[in-house]
Amino acid sequence: MIYYDFHIHSALSPCSDKDMTPNNIVNMAQIIGLDAIAITDHNSIGNVRAAMKIGDAVGVKVVPGMEIETAEEIHVIALFNTIEAAEEAAKEVYRALPNIKNRTEIFGNQLLMDEDDNIVGEEEKLLVSPTNLSIEKLLELVKSVGGLFYPAHVDRHSYSILTNLGFIPEELKIDGIEISKKVEDIQAYLDNRPDLKGYRVLRNSDAHYLADIAEKDAFLTENSIDELFNRRV
Amino acid sequence: MNQVRTVAKAIERFSRKAVKAMTICELAKELDLSVLTDKNYDDREIKGCFVGDLLSWVMSRAEQDSAWITIMNNINIVAVAALVDMACIILAEGVDVTEDVIKKAESQGIIILSTKKTCYETAVAFHKATGI
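First to last, the sequence lines map onto chains P and G. Using our numbering, you'd call the opening residue of the first sequence number 389 and step up by one each time. Using our numbering, you'd call the opening residue of the second sequence number -4 and step up by one each time.
Note that these hints are calculated values from the structure, not bench results. Check before you lean on any hint, since a few could be wrong.
Once the Cα atoms are required to be at most 25 Å apart in a straight line, the calculated SDA-like pairs of lysine to any residue come out as [said to hold, decoys possible]:
id, chain 1, residue 1, chain 2, residue 2
1, G, Lys112, P, Ser522
2, P, Lys561, G, Leu49
3, G, Lys98, P, Glu524
4, G, Lys112, G, Trp52
5, P, Lys570, G, Leu49
6, P, Lys569, G, Leu49
7, P, Lys561, G, Ala77
8, G, Lys111, G, Thr18
9, P, Lys525, G, Thr93
10, P, Lys449, P, Asn618
11, P, Lys561, G, Lys111
12, P, Lys525, G, Asn68
13, P, Lys569, P, Lys585
14, G, Lys98, P, Ile562
15, P, Lys479, P, Gly564
16, P, Lys585, G, Ser55
17, P, Lys525, G, Glu94
Model the full structure from these sequences, guided by the hints.
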């Protein structure tokens, strides 16, 4: 059994709080008692390596992750079993982002940090844009490096696969879906959406502030993260 | 009182502009649309128009026999058009569409047309041609 939160934004996401440093996030997760987390910044893994080092030191598994935006403006949580796999995918995602410079006064800062929370740089390209990858192309990319693919916050009105595509295309071999914490009665929600039957459901926080990181509540039945990746669709 | 009635009549006449019934084939010709699916399709009359890209929205609001103008090119457009029983899909802005989408559309008898024009320009041209 693994208590998790696989959707947390660090200070690299412009919309995120400055206190979302690698140390603050990982240590908060450790205090809460989470076994595994993922730092999932918009279209980037810039702070993942730092968080993984801290995770190793304090005993929280940090799974390399990213929240990627498809051409149809759908958000997807991608998880990877190695940092190398994540970097390979991230390189393509970065290339697929339009060349728009971040305007910090509008969007906020995109801070890159090391394992001591030092600011080591700032991402200049605006990360909160859609890539030019269709959802099918993105799935192909994530699968090509052995990653896991979960359309994010499917219950929401924006950036959701259900809003933008109406329903999940049956040809799309996804590993599961994320249902946001806004849905309190998950059973009632799923009873109303029989088309979602059979998909694994992740309950993540989508935290942009430290206080929003998930409580020790949602868990995976697997015994290890490796097992999760071995079960991928 | 009489004056009011006269004005009301004039407004009514003005707003009852002729709607020209048009088939997909005629519309394609009039708007210079290219047909992406099988060229030998069952022609049918178009009775309305809907513009939108969020498929959940389109699914719940578009009406039967409409021409649907969109830039969404995901495979789900075929299912949405079939579900609502729209007359045809008009892909605007020259957006690309994959062979999978074309094949699926053909298997379901959905007609996909394409134009380089924007959604707005297409809708204006549609209105001019049909009066709808």
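Return the numbers of the hints above that this structure violates; sort them in rising order.
Hint 11 alone not satisfied by this model.
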